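Use these hints to put chain D with the ligand onto chain Y, whose structure you have.
Going line by line, the protein sequences match chains Y and D.
For the first sequence, my numbering begins at 1 and goes up steadily by one.
For the second sequence, my numbering begins at 1001 and goes up steadily by one.
Covered stretches of chain D (in silico footprint by chain Y; criterion: 3 or more residues with CB under 8 angstroms from a CB of chain Y, positions within the stretch not fixed):
| hint | region |
| --- | --- |
| 1 | 1005–1012 |
| 2 | 1037–1046 |
| 3 | 1060–1068 |
| 4 | 1081–1094 |
| 5 | 1099–1107 |
I should point out that these hints are in silico values taken from the structure, not numbers from a laboratory.
On a predicted model such as this, the values are computed, not experimentally measured, just so you know.
Note that CB positions come from ideal geometry on N, CA and C, so glycine has one too.
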Amino acid sequence: MGLRDRAAIAGVGYTPFSKDSGVSTLTLAIDAILAALDDAGLSVDDVDALATHRVGDSTPPWVVAPALGIPEVSWYLDQFGGGSVSHAVIGQAAMAVATGVARTVVCYRAINARSEFRMGGTGRGVAPVYDAQYQAPYGYFAPPQQFAMFTRAHMLKYGTTHEQLGSIAVGQRANAAKNPQALKRDPITIEDYLASRWIAEPLRLLDCCLETDGACAVVVTSAERARDLAAPPVLISGAVWGGGDSFLSGQGGDFTVSEAARIAPRLYAMAGVGPEDIDVAELYDCFTYSVLVQLEDYGFCAKGEGGPYAASGAIRPDGALPVNTHGGFLSEGYVHGINHVAEAVAQLRGTAGDRQVSGAEVALSTAQPGYVLAGTSALILRADR
Amino acid sequence: MSLGERPRPQVDRDSAPWWEAVRRHELLVQECVDCGTLRFPPRAICGRCRSRRSGWAPVRGTGRVASWIVNHQVFMRAFADEVPYAVLHVRLDEADDLFMYGDLAGADPADVTPGMPVQAVFTDIDDDLTLVRWRPR
Ligand SMILES: [Zn+2]
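The shape of chain Y in the complex, shown without the other chains (with noise of 0.2 angstroms):
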């Protein structure tokens, strides 16, 4: 069936994450593929394929690959785009696999999103994306004024209220309190997140992720050959990605659905799955409302329900569904997706220490929904047992 648990993450590496890594996204790359392959029981000689995505802010394959040795390039990825894309890399990867095109791709991201390269300007010019110039000249082309826009249209379609919002930020720091490699463990209260200063009303700071240096990075080969390396492979039972879309004209005019709603009937049919079979889910975090939207989108409850749903407690670690269990990119550390992907793949392999979700199986894990950059992608994991 397709894709469908034909390729396995077999390996997964961290560089620290931190406000300024004092080195090259190069050598974030390098130091986090090296470690991925570590942990999957794999050499440089084995890699034959690298992908990876950037917006002009990161190191191609085609400078990591002489850069680490390695003999023969048969495959690689250098996609442009942010979050929005961070799980469609490895989807590629996987079919790039599945095909016999490549046997051992390494998937990364490596970025000074804080100390060199920060999203949304402070110093750079506009990012030259489409319909900037309708935006721009308006003060009006940072990621979380574009997510305060349709959080916005969220709150006045739904009563979805900032308290809902917060109930998220609160959350993800107590994940992250069990996490040692993230930014942020300091517990805050609800009071904390109410006080934070204004962003792009009506997102405030601790609406928003961290940005930071750091990389990450993923090992995908077959699921055969997985079986036989040094760490338990992760089945990827599912891989979509897709969109296309305009906050102008011709979409209908309803902003509060994102593009995960496209995607989502895809994903589920590929893994063979629904909501109610997902034990973990790692959301793309950019900001409270990415979570809050696609727990709608992706089936988990009612649309117009994911306030009511996230305040309950059901994605706290002990509730139906839990969710950025790392404390994700608002506490964690913000790798652009794939930090999402290596905490998905802890979590089944049961390695998530004090943030282990008891009995996990399947994992869902997503990218950015598709209000920057439009279009979205997203993986469902599985634990090969």
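Same frame as chain Y, but now just chain D with the ligand:
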């Protein structure tokens, strides 16, 4: 700091006629000759019926606030003296799924309300650029 220091639109070959009309203080959208669908921003084909035939249709410049933000963070130095400022997502009165962005003219960000009726106004920034902004009506 003045409006003239803001980032300038990167006009492309599809959008040039639209910006030239704004320069003349005319607000246009494209209208499909075959199915009548209004579209913005400008492009060569109708996404509904795939017709390549379109004309420029004037719109009244009236709409309602579908959503808005009040921006506080200085993401770009050109806006340092303008914060806090509002950016509106305006639903044009001509169609339910036809929107434009713009900033708020002649009102305080705190006065914006859901569905607030607004009117396009044209601000000449310099000899080459005019921007469409929105004021309450
Ligand atoms: Zn048409």
